[in-house]
Amino acid sequence: MVVRSELSDTQVDAIFHALADATRRDIVARVIEREQSVSEVAGHYAMSFAAVQKHVAVLERASLVSKERRGREQIVHARPQTIARARQLLDGYEQLWRGRIDRMQSILDEGIR
Amino acid sequence: MATITSVKDLEALTLTVTAEFEGTTVERLWQLWADREQLQRWWGPPGWPATFTRHDFRVPGTSIYFMQGPEGDRAYGWWHFLEAVEPSRLRIEDGFGDAEGNVDPQMPPPGEMIVDFEPTGSGARFSIRSQFTSLEQLQKMIEMGQEEGMTQALGQIDAILAEDAPAA
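The listed protein sequences derive, respectively, from chains A and B. Read left to right, the first sequence gives residues 1 to 113 (this note's numbering). Read left to right, the second sequence gives residues 1001 to 1168 (this note's numbering).
It is worth saying that the hints were derived from the structure and are not from the lab. All C-beta atoms, glycine included, are put in the ideal place defined by N, C-alpha and C. Check before you lean on any hint, since a few could be wrong.
A short, non-exhaustive set of chain A residues, derived as facing chain B with CB atoms under 8 Å [to be verified]: (1) Met47; (2) Phe49; (3) Val58; (4) Glu60; (5) Leu96; (6) Trp97; (7) Arg98; (8) Gly99; (9) Arg100; (10) Arg103; (11) Met104; (12) Gln105; (13) Ile107.
For reference, chain B alone in the conformation it holds in the complex:
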């Protein structure tokens, strides 16, 4: 299992999550982001799968995705790539919008995430620093499918754990 640590800064409104994976490389972790098919499998929570209708993984590039809820309702988001230094660093502006990637002025302003990839002695890790522009935005990010997905997520994590046990 990945080792996860996190640091929250309430005043600066940042969250840094670091994940260390055994037996892998930074190049492999980079693929989880660069490859649309793989990205779609982990971005959305259970019950809210993510579909990337556009994934222009370069600077300057744009990705557009939607997350579809159990009732068929869709929430659209977009990414603008500000930095993409393979396989060490990503800086992405992320916001809410519509199917064409237009910024929704009714929604909170976009935030930014910085992903740093690093090799370790036995594998590789990345850290994601999310900078929120406002509490409203933070709350919105959480609300996007998060709460409804939670209960199912717990069940799914257990299932993955059980599945991984013999392979480890």
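So that you can see chain A by itself, here it is in the shape it has in the complex:
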């Protein structure tokens, strides 16, 4: 009955923690669009380079992004599979209710006819 998740609870916790911050969600959105270096990412925000690096590290621990050294640059990539799984988990419960509400509506409609 229970469908096993590909992620452990610890991983899921890391994902939720990572995505609970607006800056980190924004970073994820940027690197999904296009891979970019840490310094390029940092250029979008008013905070220090070190602070942005910390955010990237949190995302990396949650497997939402990965880093790759290319010459003197650290390139940040999105990890779409993990992102997809996190979104799926969040949306799953909402979908469950949407299904229930649709079924309620069809029960209500029976009374009208």
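Fit chain B to the given chain A structure using the hints.
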């Protein structure tokens, strides 16, 4: 069709789903919860119908239900009514357990849902705020029949839409 909106709070682990129905009343929406037969028709996803073996719709009261999968496997859950103010508010503690409504210590701790019913200009709406105690619990709630039901659910929603079209 019902108009559905939702708000998720990742840090507080809450999901609020609001559903607005046209041409109905809060009393009618309340019946969807209070009446066992109606409740059974919407609680479980397609392929995982819900059977409420007990539905003691009052405070303090307990409901016990199971959802049965396509292979005959059953998942049991229970509700404890913390508030039932007809026809405006429900507060329900919901957890996993066995056929007698005993709490399963192996399963994640129970969560809570608060349902507020309100009249609108042209009908009525309710909002459901689900508070999860842990991610493990949230994941379990989703897993209870959800994933296997999804594909079928999409097909069924289409069928209902097609059915409703001439009546609207």
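To see whether the hints hold, each was checked on the structure:
| no. | hint | in the structure |
| --- | --- | --- |
| 1 | Met47 | violated, 20 Å |
| 2 | Phe49 | violated, 26 Å |
| 3 | Val58 | violated, 14 Å |
| 4 | Glu60 | violated, 19 Å |
| 5 | Leu96 | holds, 5 Å |
| 6 | Trp97 | holds, 4 Å |
| 7 | Arg98 | holds, 6 Å |
| 8 | Gly99 | holds, 5 Å |
| 9 | Arg100 | holds, 5 Å |
| 10 | Arg103 | holds, 4 Å |
| 11 | Met104 | holds, 5 Å |
| 12 | Gln105 | holds, 5 Å |
| 13 | Ile107 | holds, 6 Å |
The earlier numbered hints that this structure contradicts are 1, 2, 3, 4.
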